[in-house]
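Participant: In case you want the letters, here they are:
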Amino acid sequence: SAVISQKPSRDICQRGTSLTIQCQVDSQVTMMFWYRQQPGQSLTLIATANQGSEATYESGFVIDKFPISRPNLTFSTLTVSNMSPEDSSIYLCSVDGTSGPSDTQYFGPGTRLTVL
Amino acid sequence: GQQLNQSPQSMFIQEGEDVSMNCTSSSIFNTWLWYKQDPGEGPVLLIALYKAGELTSNGRLTAQFGITRKDSFLNISASIPSDVGIYFCAGQLGGGTSYGKLTFGQGTILTVHP
Numbered sequence: 001s002a003v004i005s006q007k008p009s010r011d012i013c014q015r016g017t018s019l020t021i022q023c024q025v026d027s028q029v030t031m032m033f034w035y036r037q038q039p040g041q042s043l044t045l046i047a048t049a050n051q052g053s054e055a056t057y058e059s060g061f062v063i064d065k066f067p068i069s070r071p072n073l074t075f076s077t078l079t080v081s082n083m084s085p086e087d088s089s090i091y092l093c094s095v096d097g098t099s100g101p102s103d104t105q106y107f108g109p110g111t112r113l114t115v116l
Numbered sequence: 001g002q003q004l005n006q007s008p009q010s011m012f013i014q015e016g017e018d019v020s021m022n023c024t025s026s027s028i029f030n031t032w033l034w035y036k037q038d039p040g041e042g043p044v045l046l047i048a049l050y051k052a053g054e055l056t057s058n059g060r061l062t063a064q065f066g067i068t069r070k071d072s073f074l075n076i077s078a079s080i081p082s083d084v085g086i087y088f089c090a091g092q093l094g095g096g097t098s099y100g101k102l103t104f105g106q107g108t109i110l111t112v113h114p
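Top line first, the protein sequences correspond to chains A and B.
According to our numbering, the stretch in the first sequence is residues 1 to 116, in order.
According to our numbering, the stretch in the second sequence is residues 1 to 114, in order.
Okay, chain A solo, but in the shape it has when bound (with noise of 0.2 Å):
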């Protein structure tokens, strides 16, 4: 499976500032994920990140408020714009595994943001 690795693994954050989270991945993948998982909570997927395409939202979560980048096949960043407490949770990164229709996921360690 794929090396997935997180910056930063925390971070506190004031209300209205943004945040930049960075997924790396130690192999090419065709298809990164980005989850939230709330406190307690459960993981919900926020988008599909292709290279060299737009993202894919899913619904409840919007392009401006979680700007996504996927510049190459290892790498790709989550942003969390004009935070609020609201948004304090875990987010992570997932890939795909190797090639097929139904495949596995692999997951990366995690950012736990808190939101003052």
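What the hints contain is simulated information worked out from the structure, not anything from laboratory work.
Ideal placement from N, C-alpha and C gives every residue a C-beta, glycine not left out.
Take these hints with a grain of salt, some might be off.
[As the list claims (entries may be wrong)] With the Cβ distance kept under 8 Å, some of the chain B side facing chain A (calculated, not the full set): (1) 33; (2) 41; (3) 43; (4) 45; (5) 48; (6) 52; (7) 100; (8) 101; (9) 102; (10) 104; (11) 105; (12) 106.
[Claimed, not checked] Computed list of chain A residues with no C-beta within reach of chain B, every gap over 12 Å: (13) 20; (14) 69; (15) 73; (16) 116.
[What the hints assert, rightly or not] In the BS3-like style, the derived pairs of lysine-lysine whose C-alpha atoms are separated by at most 30 Å in a straight line are: (17) B:51 to B:70; (18) B:101 to A:65; (19) A:7 to B:101.
Place chain B on chain A using the hints.
Facilitator: Same frame as chain A, but now just chain B:
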């Protein structure tokens, strides 16, 4: 959208006991995945199931893809303290615009008493 109902929400067991948890869905999935998440970590993939009726083992873990494609279970035999954590099921439709999108269950919190 799809909803996954995972049960039980939490379990408190003694070391050495067997554990069983399951997920049911109102929709069909083509892939079922089981993850474990430790505090402060990302989910780690335990078992992947790709075919209806498939039964797969990984050490003390056994999982099955329900024949209706709407459910899956995970069993842990002879639990040990390091089994403590949150277990998530996830379903994937696969194909088309749904490719790669995982829907997660609510999680099962497992506590193992030595």
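Participant: Taking the hints in turn, state whether each one holds.
Facilitator: Hints, one by one, checked against the model:
{"no.": "1", "hint": "33", "in the structure": "6 Å, holds"}
{"no.": "2", "hint": "41", "in the structure": "6 Å, holds"}
{"no.": "3", "hint": "43", "in the structure": "5 Å, holds"}
{"no.": "4", "hint": "45", "in the structure": "6 Å, holds"}
{"no.": "5", "hint": "48", "in the structure": "5 Å, holds"}
{"no.": "6", "hint": "52", "in the structure": "12 Å, violated"}
{"no.": "7", "hint": "100", "in the structure": "5 Å, holds"}
{"no.": "8", "hint": "101", "in the structure": "6 Å, holds"}
{"no.": "9", "hint": "102", "in the structure": "6 Å, holds"}
{"no.": "10", "hint": "104", "in the structure": "4 Å, holds"}
{"no.": "11", "hint": "105", "in the structure": "7 Å, holds"}
{"no.": "12", "hint": "106", "in the structure": "5 Å, holds"}
{"no.": "13", "hint": "20", "in the structure": "19 Å, holds"}
{"no.": "14", "hint": "69", "in the structure": "18 Å, holds"}
{"no.": "15", "hint": "73", "in the structure": "15 Å, holds"}
{"no.": "16", "hint": "116", "in the structure": "20 Å, holds"}
{"no.": "17", "hint": "B:51 to B:70", "in the structure": "12 Å, holds"}
{"no.": "18", "hint": "B:101 to A:65", "in the structure": "20 Å, holds"}
{"no.": "19", "hint": "A:7 to B:101", "in the structure": "23 Å, holds"}
Checked against the numbered hints above, the structure breaks only hint 6 and satisfies the rest.
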